[in-house]
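Protein chains: 4
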Amino acid sequence: MKPARAITLDELRERLRRFAAERDWEKYHSPKNLASALIVEAAELLERFQWLTEDESKSLPSAELAKVREELADVLIYLVRLADQLEIDLLEAAREKMEKNARKYPADKARGNSRKYSVL
Amino acid sequence: MKPARAITLDELRERLRRFAAERDWEKYHSPKNLASALIVEAAELLERFQWLTEDESKSLPSAELAKVREELADVLIYLVRLADQLEIDLLEAAREKMEKNARKYPADKARGNSRKYSVL
Amino acid sequence: MKPARAITLDELRERLRRFAAERDWEKYHSPKNLASALIVEAAELLERFQWLTEDESKSLPSAELAKVREELADVLIYLVRLADQLEIDLLEAAREKMEKNARKYPADKARGNSRKYSVL
Amino acid sequence: MKPARAITLDELRERLRRFAAERDWEKYHSPKNLASALIVEAAELLERFQWLTEDESKSLPSAELAKVREELADVLIYLVRLADQLEIDLLEAAREKMEKNARKYPADKARGNSRKYSVL
Numbered sequence: 000m001k002p003a004r005a006i007t008l009d010e011l012r013e014r015l016r017r018f019a020a021e022r023d024w025e026k027y028h029s030p031k032n033l034a035s036a037l038i039v040e041a042a043e044l045l046e047r048f049q050w051l052t053e054d055e056s057k058s059l060p061s062a063e064l065a066k067v068r069e070e071l072a073d074v075l076i077y078l079v080r081l082a083d084q085l086e087i088d089l090l091e092a093a094r095e096k097m098e099k100n101a102r103k104y105p106a107d108k109a110r111g112n113s114r115k116y117s118v119l
Numbered sequence: 000m001k002p003a004r005a006i007t008l009d010e011l012r013e014r015l016r017r018f019a020a021e022r023d024w025e026k027y028h029s030p031k032n033l034a035s036a037l038i039v040e041a042a043e044l045l046e047r048f049q050w051l052t053e054d055e056s057k058s059l060p061s062a063e064l065a066k067v068r069e070e071l072a073d074v075l076i077y078l079v080r081l082a083d084q085l086e087i088d089l090l091e092a093a094r095e096k097m098e099k100n101a102r103k104y105p106a107d108k109a110r111g112n113s114r115k116y117s118v119l
Numbered sequence: 000m001k002p003a004r005a006i007t008l009d010e011l012r013e014r015l016r017r018f019a020a021e022r023d024w025e026k027y028h029s030p031k032n033l034a035s036a037l038i039v040e041a042a043e044l045l046e047r048f049q050w051l052t053e054d055e056s057k058s059l060p061s062a063e064l065a066k067v068r069e070e071l072a073d074v075l076i077y078l079v080r081l082a083d084q085l086e087i088d089l090l091e092a093a094r095e096k097m098e099k100n101a102r103k104y105p106a107d108k109a110r111g112n113s114r115k116y117s118v119l
Numbered sequence: 000m001k002p003a004r005a006i007t008l009d010e011l012r013e014r015l016r017r018f019a020a021e022r023d024w025e026k027y028h029s030p031k032n033l034a035s036a037l038i039v040e041a042a043e044l045l046e047r048f049q050w051l052t053e054d055e056s057k058s059l060p061s062a063e064l065a066k067v068r069e070e071l072a073d074v075l076i077y078l079v080r081l082a083d084q085l086e087i088d089l090l091e092a093a094r095e096k097m098e099k100n101a102r103k104y105p106a107d108k109a110r111g112n113s114r115k116y117s118v119l
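Protein chains in written order, with numbering that gives the first Met the number 0: chain A, 0 to 119; chain B, 0 to 119; chain C, 0 to 119; chain D, 0 to 119.
These are calculated hints, taken from the structure and not from any lab test. Among the hints, a few may not be true.
To be verified - When the alpha-carbon atoms are kept at most 20 angstroms apart in a straight line, the in silico DMTMM-like pairs for lysine to aspartate or glutamate are as follows:
#1 Lys99/D with Glu13/C
#2 Lys66/D with Glu95/C
#3 Lys99/B with Asp88/B
#4 Lys99/C with Glu43/D
#5 Lys66/A with Glu43/A
#6 Lys108/B with Asp23/A
#7 Lys99/D with Glu69/C
#8 Lys99/B with Glu13/A
#9 Lys99/A with Glu10/B
#10 Lys66/A with Asp83/B
#11 Lys99/A with Asp23/B
#12 Lys26/C with Asp54/D
#13 Lys99/D with Asp88/D
#14 Lys26/C with Glu53/A
#15 Lys103/B with Glu43/A
#16 Lys26/D with Glu55/C
#17 Lys66/B with Glu98/A
#18 Lys26/B with Asp54/A
#19 Lys99/C with Glu69/D
#20 Lys99/B with Glu10/A
#21 Lys99/A with Glu13/B
#22 Lys103/A with Glu21/B
#23 Lys66/D with Glu86/C
#24 Lys26/C with Asp107/D
#25 Lys26/A with Asp107/B
#26 Lys26/C with Glu86/C
#27 Lys66/C with Asp54/C
#28 Lys26/D with Glu53/C
#29 Lys108/B with Glu25/A
#30 Lys57/C with Glu69/C
#31 Lys108/A with Asp23/B
#32 Lys103/C with Glu21/D
#33 Lys103/A with Glu69/B
#34 Lys26/B with Glu86/B
Claimed, not checked - Ranges between beta-carbon positions, derived for each pair:
#35 Glu25/A with Ser58/C: 20 to 26 angstroms
#36 Ile6/D with Glu21/C: 27 to 33 angstroms
#37 Glu95/B with Ala101/A: 31 to 37 angstroms
#38 Glu13/A with Glu86/B: 25 to 31 angstroms
#39 Pro60/A with Pro105/D: 22 to 28 angstroms
#40 Lys66/C with Ser61/D: 36 to 42 angstroms
Keep in mind that this is a model prediction, so the values were computed, not measured. Ideal Cβ placement from N, Cα and C applies to all residues, glycine included.
Required output: the full structure, derived from the provided sequences and hints.
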């Protein structure tokens, strides 16, 4: 058995295309539906944290961390699939957004105050 | 002015670390809080589609598409930041999940039926 | 066995207080946590509809409708509990919001256009 | 000017019907769409709390509380509208769910442990 090797975001996108095509699921994958599926997965992720304190959320037991890891994967999967359907380059979009955020929240003014500055 | 070049998921993660550190925002970035921020962004994304038909969601006007693109970027940003705080390799997690999905939804049985098989 | 009788929103609020007190769960019920629990339930509701067409969502099979009904109940339960913790009168808040909406979306201008007017 | 008087859930439902009818918005109000709108409002609510500590979420400044109150109203509005479209009696559904919860989480066993018992 050969070891699994790391994949890239592009490869993940290709696998998702193939996965949907082989199952004839493309018809379900409108952007509207995928945006719903994405938030449903984001909620399954949040559910793991909802009754924890912030500190507890930083040191999850390993069985719990494994579940969280799987939910993170689901979010990425739908995000990549949705971006693909909309022909959006996710990484390029994120790069541009980070530049916009840097202008919007200059480091010297935003220091330590996340209340006013609610974006990352 | 030199042209912007594409970034990788690893580089995005590094930029987010720096961004948070420079603003002293790390204290806000508990997994619990980041999971909340992630779903809030996922909702801003869904909001663009909520009153559209599925067909309309496939052919967005370009001004609308630009907004959707920014929301996708926000989701990716929080997803990468959360994975970083939990020391989870997003792409590896997604690769493993896709293998699990392939076993769970064999192509010949799942064909055309996304009702029963609700994961991508 | 006497028939169950209808309850009011006020009675539901009282039952929820008692339910939490008897289980010593009040410590988990910060507004922050309850707002998370609320959106998690809203996602479980949305999940029932995510792959359906709009038309299909209007005529659910009865087994499916029973599940949706339970999810609606969960949303109401957390909503009432959260409002109680914040000492907010839900119905009064909704009444005021409806008046605000009536001013914001005058019937003659908003007719048939939910794209621009994204609130109910 | 006569004082506003309290409304009931039934009256709210009637007002929402009228509001949608007068604006010709019924066509947008499929259960699928309303479930999306509901979670979008639940996210706007969560957004107010996402960077706060649990303690901070218990003592909001009054301007902030006013905004939270309005978001709670929006959630209730969509919840009532969705239940109406599905012909579900919200309060009756919640009453039944509370009885189910009481059997599922007996007070003596569930005491103080919201981790295992993740429903209210």
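Verification of the hints:
For the proposed pair lysine 99/D and glutamate 13/C, the alpha carbon gap of about 17 angstroms is at most 20 angstroms, so the pair holds. Distance hint between lysine 66/D and glutamate 95/C is fulfilled; the C-alpha atoms sit about 13 angstroms from each other, no more than 20 angstroms. A threshold of 20 angstroms between alpha carbons decides the hint, and for lysine 99/B with aspartate 88/B the separation of about 17 angstroms falls inside it, so the pair holds. The hinted pair formed by lysine 99/C and glutamate 43/D meets the criterion: a straight-line CA distance of about 18 angstroms does not exceed 20 angstroms.
A distance of roughly 10 angstroms separates the Cα atoms of lysine 66/A and glutamate 43/A; the hinted pair therefore holds under the 20 angstroms criterion. With a C-alpha separation of about 11 angstroms, the suggested pairing of lysine 108/B with aspartate 23/A holds against the 20 angstroms cut-off. For the hint linking lysine 99/D to glutamate 69/C, the alpha-carbon distance of about 10 angstroms falls within 20 angstroms, and the restraint holds. Proximity of lysine 99/B to glutamate 13/A is assessed by CA-CA distance (about 17 angstroms); at most 20 angstroms being required, the pair is judged to hold.
Distance hint between lysine 99/A and glutamate 10/B is fulfilled; the C-alpha atoms sit about 17 angstroms from each other, no more than 20 angstroms. Of the pairs offered as hints, the one joining lysine 66/A and aspartate 83/B holds, with about 16 angstroms between alpha carbons and a cut-off of 20 angstroms not exceeded. For a cut-off of 20 angstroms, the pair hint linking lysine 99/A to aspartate 23/B stands: about 18 angstroms separates their Cα positions. A threshold of 20 angstroms between alpha carbons decides the hint, and for lysine 26/C with aspartate 54/D the separation of about 11 angstroms falls inside it, so the pair holds.
Restraint check: the Cα-Cα separation between lysine 99/D and aspartate 88/D comes to about 17 angstroms, which is no more than 20 angstroms; the hinted pair holds. Our distance criterion of 20 angstroms between C-alpha atoms is met by lysine 26/C and glutamate 53/A, whose separation comes to about 14 angstroms. With a C-alpha separation of about 19 angstroms, the suggested pair lysine 103/B and glutamate 43/A falls inside the 20 angstroms cut-off, and the hint holds. Our distance criterion of 20 angstroms between C-alpha atoms is met by lysine 26/D and glutamate 55/C, whose separation comes to about 14 angstroms.
Between lysine 66/B and glutamate 98/A, the direct Cα distance comes to roughly 16 angstroms. Compliance with the 20 angstroms bound is thereby established for this hinted pair. For the suggested pair lysine 26/B and aspartate 54/A, the alpha carbons sit about 11 angstroms apart, so the restraint of at most 20 angstroms is met. Restraint check for lysine 99/C and glutamate 69/D: satisfied, since their Cα atoms lie roughly 10 angstroms apart, inside the 20 angstroms limit. With a C-alpha separation of about 17 angstroms, the suggested pair lysine 99/B and glutamate 10/A falls inside the 20 angstroms cut-off, and the hint holds.
A distance of roughly 17 angstroms separates the Cα atoms of lysine 99/A and glutamate 13/B; the hinted pair therefore holds under the 20 angstroms criterion. Between lysine 103/A and glutamate 21/B, the direct Cα distance comes to roughly 14 angstroms. Compliance with the 20 angstroms bound is thereby established for this hinted pair. At roughly 14 angstroms between alpha-carbon atoms, lysine 66/D and glutamate 86/C fall within 20 angstroms of each other, so this suggested pair holds. About 17 angstroms separates the Cα atoms of lysine 26/C and aspartate 107/D, which keeps this hinted pair within 20 angstroms; it holds.
With a CA separation close to 17 angstroms, the supplied pair lysine 26/A and aspartate 107/B stays within the 20 angstroms bound. Taking the CA atoms of lysine 26/C and glutamate 86/C, the gap is about 17 angstroms. The hint holds against a cut of 20 angstroms. This hinted pair checks out: lysine 66/C and aspartate 54/C have alpha carbons roughly 18 angstroms apart, not beyond 20 angstroms. Restraint check: the Cα-Cα separation between lysine 26/D and glutamate 53/C comes to about 10 angstroms, which is no more than 20 angstroms; the hinted pair holds.
Between lysine 108/B and glutamate 25/A the CA atoms are separated by roughly 16 angstroms; this keeps the pair inside 20 angstroms, and the hint holds. Proposed proximity of lysine 57/C and glutamate 69/C is supported: the alpha carbons are some 17 angstroms apart, at most 20 angstroms. Distance check on the hinted pair: lysine 108/A and aspartate 23/B sit about 11 angstroms apart at the alpha-carbon level, within 20 angstroms; holds. Between lysine 103/C and glutamate 21/D the CA atoms are separated by roughly 14 angstroms; this keeps the pair inside 20 angstroms, and the hint holds.
Using a Cα cut-off of 20 angstroms, the hinted pair lysine 103/A and glutamate 69/B holds, with the two alpha carbons roughly 14 angstroms apart. This hinted pair checks out: lysine 26/B and glutamate 86/B have alpha carbons roughly 17 angstroms apart, not beyond 20 angstroms. Taking the beta carbon of each, glutamate 25/A and serine 58/C are about 25 angstroms apart, inside 20 to 26 angstroms as hinted. Taking 27 to 33 angstroms as the suggested C-beta distance range, the pair isoleucine 6/D and glutamate 21/C conforms, at roughly 31 angstroms.
Checked against the given bound of 31 to 37 angstroms, the beta carbons of glutamate 95/B and alanine 101/A, roughly 34 angstroms apart, stay inside it. For glutamate 13/A and glutamate 86/B, the Cβ-Cβ distance of about 27 angstroms falls inside the hinted range of 25 to 31 angstroms, so the restraint holds. Checked against the hint of 22 to 28 angstroms, the pair proline 60/A and proline 105/D passes, with Cβ atoms roughly 25 angstroms apart. A hinted range of 36 to 42 angstroms for the beta carbons of lysine 66/C and serine 61/D is consistent with their spacing of about 40 angstroms.
Consistency with the previously given hints is maintained throughout, with no hint failing.
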